[in-house]
Amino acid sequence: MREFDLLQPKTLNDALEALAQNNATIRPLGGGTDMLVDLRARRVQPDTLVALQGVNELRGVTRANGHLHVGASTTIAEILKNPLFAPFNALRQAASVFANPMIRNSATIAGNIGSASPAGDMLPPLLALNAQIELVSRNETRVMPLSEFFLGPRKTAKRADELISSIQLLVTSNQSPVSNPQSSAFYKLGLRQADAISLVSVAVWLERDGEKIRDVRIALGAVAPRPMRATRAEEILRGQIFSETNLKESARIASTECSPISDLRASADYRRRMIAVYVRRMIEQAWQHF
Amino acid sequence: MIQFDQPNIANLPELRQIGKPLPRIDAMGKVTGATQYAADYTMPNMLHAQVLRAKHASAQILRVDVSKARALPGVVAVLTADDLPGAQVATDIPGVTGTSKRAGTDAPILARDRVRFMGEALAIVAAEELAIAERALDLIEVDYEPYPAVFTPEEAMQPGAPIVTEPDNIVARWRIVKGDADAALRDADVIVERTYKTQFIDHAYLEPEAGIAWVDENGTLTIRVSTQVVEHFRSIAAALQLPQNKVHIMGTLVGGGFGGKEDITVELFIGLAALKTRRPVKMVYSREESILAHCKRHPFTITHKTGVTHSGRILASQVNLIADSGAYVYLSPYVLLYAASSAVGPYKVNHVTVNAYAVATNNTFTSAFRGFGAAQACVAYEQHMDEIAQALHLDPRQVRRVNYAQAGDTTPNGQAFRGAVWLEECAQRAWDALGETPPPSAPNIKIGRGLASYMQSYGRITWFHDTSQAWVGLEMDGSIVIRCGVPDIGGGQINTLAQISAEVLGVPLERVTVYSTDSALTPLAGTTTATRQMYMSGNATYQAAMAVRKTLAERASQHFECEPAEIDFADSAVFVKSDASQKMPLTQLIAMCAAEGLPRANLSLFKAPFTEKLDPDNAQGDIWPDYTFGAQAVQVAVDLETGEVRVLKSAACHDVGRALNPAAVAGQIEGGATQGLGYALMEDVQIVNGVTLTPSFAEYLLPTARDVPETKTIILESGTGLGPFGAKGIGEPALTPMAPAIANAVANAIGARVPQLPLTPERVLAAIDSAR
Amino acid sequence: MTPKLVKLNVNGRAHHTALAPNTTLLHALRDLGYTDVKSGCEKGDCGACGVIVNGAVVNSCLLLAWLADNQEIITVAGLGAAAKPHPLQQAFVDFGAAQCGFCTPGMIMSAKALLDEYPHPTDEQMREALSGNLCRCTGYTRIFEAVQNAAHEITSD
Amino acid sequence: MHKKTIHLTLNGEAREWSVYPNELLLNVLREQEYLTGTKYGCGIGECGACTLHLDGAPTLSCLTLAIACDGADILTIEGLARDGKLDATQQAFLEHSAFQCGFCTSDMIMMTRALLNENAQPSEAQVRDYLRGNLCRCTGYASIVRAALDAAALEKQRAEPSAAS
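Those protein sequence lines, which keep their order, are chains A, G, E and X. Mapping of the first sequence onto the numbering used here: position 278 corresponds to residue 278, and the numbering continues sequentially without gaps. Mapping of the second sequence onto the numbering used here: position 383 corresponds to residue 383, and the numbering continues sequentially without gaps. Mapping of the third sequence onto the numbering used here: position 82 corresponds to residue 82, and the numbering continues sequentially without gaps. Mapping of the fourth sequence onto the numbering used here: position 133 corresponds to residue 133, and the numbering continues sequentially without gaps.
If we strip away everything but chain A, and leave its shape as in the complex, we get (with noise of 0.2 Å):
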């Protein structure tokens, strides 16, 4: 494997002034389990790597102002145990088939953020939820909408003396009277029954009004050179009564929506048309979770 340097920043400071100090060969390193495939494979040549491990202000999640706060460093493990992510069954959905359960203890959310593969798992169930993403360098702290990160394959908005710090989503409860009840769904479709990576994911969030979908986000992976969201696909939903119409027009737009590739695993008509089929059972399967 390539040659490299590895501090190990005890303080969020430290860990900081250590990329701001280096230049563009330095990279963060989170749980690993991407970073170490590319550095045997080189498509990634760090001349150091600061991990992440020992900051403790990367960790943690909690619960407050209305948000969830997810550390860079929550796991993927964390995710599906942590009580605090019940409310986000989509996010809940990925993490189940992300990889396997081996990489899911070591993998963490800023990782998967960070990587921007157009597949990534957790990607697509956190647009759906409209996560904000935490910034953070030496001299500022920025919060921007995750839907506004993924530049393109593997580019973010993320500067070399930057880290992600944290993720925040918005928690609603079911039971609140003010707010309308909730739902989200999450599927992968992969060729094989475990640790697969996408053909398509398909993630929704729904925000349901009587027999309406009062809101809703449709968010696409492995479909275009970022994970996106299907906006005009939404429109068709939005404000509208629940319906099988609604929903099969819904699901078309959004296969039009996307630019799917032809690879290895399959084709660009085959990827469109099964993003028809996965936004519309997605949807129906929110809706069925009210």
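Just so you know, the hints here were simulated from the structure itself, not pulled from any lab data. Any given hint might turn out to be false.
With a cut-off of at most 27 Å between alpha-carbon atoms, the simulated DSS-like pairs for lysine-lysine come out as follows [to be verified]: (1) G:Lys348 x G:Lys305; (2) G:Lys446 x G:Lys20; (3) G:Lys197 x G:Lys577; (4) E:Lys4 x X:Lys4; (5) G:Lys20 x G:Lys550; (6) E:Lys84 x G:Lys20; (7) G:Lys246 x X:Lys85; (8) G:Lys55 x G:Lys68; (9) X:Lys3 x E:Lys4; (10) E:Lys7 x X:Lys3; (11) G:Lys276 x G:Lys68; (12) G:Lys197 x G:Lys305; (13) G:Lys197 x G:Lys20; (14) G:Lys446 x G:Lys577; (15) X:Lys85 x G:Lys276; (16) A:Lys10 x E:Lys4; (17) G:Lys246 x G:Lys276; (18) G:Lys577 x G:Lys20; (19) A:Lys10 x E:Lys7; (20) A:Lys10 x A:Lys81; (21) G:Lys348 x G:Lys20; (22) E:Lys7 x X:Lys4; (23) G:Lys550 x G:Lys583; (24) A:Lys248 x G:Lys446; (25) G:Lys550 x G:Lys607; (26) G:Lys649 x G:Lys197.
Please arrange chains G, E and X on chain A, whose structure you already have, making use of the hints.
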């Protein structure tokens, strides 16, 4: 779960350990991590080797400059073709293909002027550390000039196609003629003609290829290697120009073989490096290297043209087979023979013509893989049986039933089936084990069922004149020592020998130790290939143990004053069958024999049936000692909107003759079926224009624990096998029928057929579309 | 690339060993003699290198050894030996769950982590827990039997 | 206890060793350099099996601290043959089969080499006296003494090639 049935056990002797699912003697080492595999051995002063591999599928090599690599501190040797003039890997079986070996058959150890597939070896680096060896590879400069290439057998057979290996691209052909198929087709009520395709697949043993080589103080090159064939010491000696008695292969327990460790892997690279550096040299393939550069299963295109009567009786078959041999020949001629000879399956067909070709291309070379051509043939003939039934509007099981071969019927080569041929019995039981068809779980789900019967030989080609040897001895404390050159690749090869000797000599299994897999120190037992070790080395061990038993029984009969036939052995004691009070510890008898100089050990050689080569005009003649028969039934659920397939249930029924260890037999059947499931649904080494698109386990998909269905394994015991206690081989047969059974089940569910493996969701959906 | 002295606590024994920053835990353990930890793919696809670090089963090929400094590591050899095997190990022997044996160490570690979390796992939980460990020989059926029987054995004690 | 870095020449090549103060030269050679030709026989200087040349002098490596070898020139049995050609002492031991089990052979050869460096024409008595600290349990020394004497003659012959022809 194993169902266990013994319908024909009356002719078998009383057995105390054979037939019991005893824990294997190699198991404890494996579950505690104590077992040392090839990559686990280190030696003082050891170097690490790495191989530079070609980055083009077809190119002339203009220049290989290793000077910078040699200059890197820590690099001890960099070897290229110039360091080993003339050295070649023999890829034909020496001395058995007879007449003249085809030109261009051998593969270079390191390419000199030309590379023929992407991944071909160009140079070997040996360095003090693995990281240094890897860095040195980057420093080797190679200039290529692209050379015309061909990537499909169909193109490679065209006149004017680029020649991959001289003199032409057709590296092997077989033409089998039995009866007059042309004439018989004219009498048929219906003719069904279909084409089926299979893909490249990878053995994907969990243990990558590995070995360590050193030259001892006597100049003997010793190679400790993960291999199915310790007899490679002979071809290694030839390639490295050493006397055969100066190459010593010490095998290890092998972390999975499946045919992929049948050809030479690291041996010549580390052997050469050790000879040059006079230091121990270790090499372990990366997973990517294993997938990219070692042999694959042959893809086949198989066309059946079959004439049948309205009642489903097959009158004649014409079968064409084309196999992709990749860039070198290796075992292609034999893989092709297995496929050609089993082209019409276990059915009685009086008029058969088979034309089979193995064709060189600039793809990764192909060679042995569990099922060895016969598995590919089964993918075609069993799907074809269902398509015949469909054409005739008959139940596929009925069409099989009227055509199943019986004992005395012959293969396309004219070889008669012997012993029990329980095709119908196996098919019925496998089918019944599926139980009731459940209702679909959703409106978009269709449930389908499929069946496949098969025949698969066990034992090597009989004109190879196969033999095996084993040495069995009793120690003074009553423990048993077996010495046998058998490589254990995980199928329980060693345990089988232990269990046989334990049975014959009445000693508990755990008191048997097997010394195995050493070309210099254990009697040569032949390859762990061709489903032959239980049959060959099992019989050799049985013979040797029986010889020891005979000596001991005679001495005991003197002591007890009875006939030797009255003596029996059990629980480390010897006794008179009719009078249990007449008994002594086995150790006492051993001591008596030792005091009198009577032998307590025996070296025995077992010979398979020997035959002459096939008639060159029509390929008539015997090819194998015997066949295993069985059937696989599966139930699948297909999503009609997405093409996703889930196998819900799998039921296998095989007549194994005699299950020496039912747990081990069931393990073979379940593991083989799971490989067949991968073959059917997800495994695919995609080589496009010579480039492997699936270089790791992220792209090359194996079935996981979640992919295997509810599984039923039914073991039948006809007792008519040629192995010890009437056993038949089950290693390869276990895999063979699974893929076509799944293909038939999917076709049954969707009313259309995907003629190309694997059945990806996309292909299945396309077939569903076509049926609409 | 300066090596650093790392303390690896493996199966209850402390090792102080100088390691370069790019050494994976897999190679560090194998170099220390823990060859029961197998290398099958070096990219987290096969699970043969599975070990338990601080209670969680991970791919040791994807963990830099420095990050395991001072952590508690358990390999299959640490679960038990022939003289006193762990119930999982005994069950793998008794039910014929090991064929070639190369996936067995990682498989048992995943099974161990499973039973630590779910003493009576459902079939679903078991299959999911083992889904990162590829086996090419057994077809998993015998492994499932062994794990369920070991679960029974452990909880009935 | 801290390791110290030392530099030395081993069989003609420069070496940098990092050694603890209590490490024996014998062990460093065998375990770090994998030069196992130098043997462990008793650990207390009674048998001579660990003999090598330290700055030209025959030395018991089991009684020598490695850390004391900073700047030293060490020759072991592995460094004796040059350019693929056996040293005269090795050639003589080979021709006289001056070994049985072979375990003392390295040290006997290294001692003979040292002897010839000091005295190109030793008498039998001088040979026996020189080798008195090196034990052999197999040969009874007769063949070793013959080999040592012959080595002297062989070396003389090699030095005067014309006289040999």
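Against the structure, the hints come out as follows:
1. G:Lys348 x G:Lys305: This hinted pair holds, its Cα atoms lying about 16 Å apart.
2. G:Lys446 x G:Lys20: Violated, because 41 Å separates the two Cα atoms, which is more than 27 Å.
3. G:Lys197 x G:Lys577: 59 Å, violated
4. E:Lys4 x X:Lys4: 16 Å, holds
5. G:Lys20 x G:Lys550: 24 Å, holds
6. E:Lys84 x G:Lys20: Given that 27 Å is the threshold and the Cα spacing comes to 24 Å, the pair holds.
7. G:Lys246 x X:Lys85: Given pair lysine 246 of chain G, lysine 85 of chain X holds - Cα atoms ~23 Å apart, limit 27 Å.
8. G:Lys55 x G:Lys68: 19 Å, holds
9. X:Lys3 x E:Lys4: Given that 27 Å is the threshold and the Cα spacing comes to 14 Å, the pair holds.
10. E:Lys7 x X:Lys3: Holds: lysine 7 of chain E and lysine 3 of chain X sit about 18 Å apart, inside 27 Å.
11. G:Lys276 x G:Lys68: Status holds; Cα separation ~19 Å.
12. G:Lys197 x G:Lys305: It holds: about 15 Å lies between the C-alpha atoms, which stays within 27 Å.
13. G:Lys197 x G:Lys20: 41 Å, violated
14. G:Lys446 x G:Lys577: Not OK: lysine 446 of chain G and lysine 577 of chain G at ~61 Å, beyond 27 Å, violated.
15. X:Lys85 x G:Lys276: This hinted pair holds, its Cα atoms lying about 17 Å apart.
16. A:Lys10 x E:Lys4: Between lysine 10 of chain A and lysine 4 of chain E the Cα gap is close to 17 Å, so the pair holds against 27 Å.
17. G:Lys246 x G:Lys276: 15 Å, holds
18. G:Lys577 x G:Lys20: 22 Å, holds
19. A:Lys10 x E:Lys7: 18 Å, holds
20. A:Lys10 x A:Lys81: 26 Å, holds
21. G:Lys348 x G:Lys20: Measuring from Cα to Cα gives roughly 36 Å; hence the hint is violated.
22. E:Lys7 x X:Lys4: 21 Å, holds
23. G:Lys550 x G:Lys583: 17 Å, holds
24. A:Lys248 x G:Lys446: Holds, because 22 Å separates the two Cα atoms, which is no more than 27 Å.
25. G:Lys550 x G:Lys607: With Cα atoms ~21 Å apart, lysine 550 of chain G and lysine 607 of chain G stay inside 27 Å; holds.
26. G:Lys649 x G:Lys197: Distance of about 25 Å is within 27 Å: holds.
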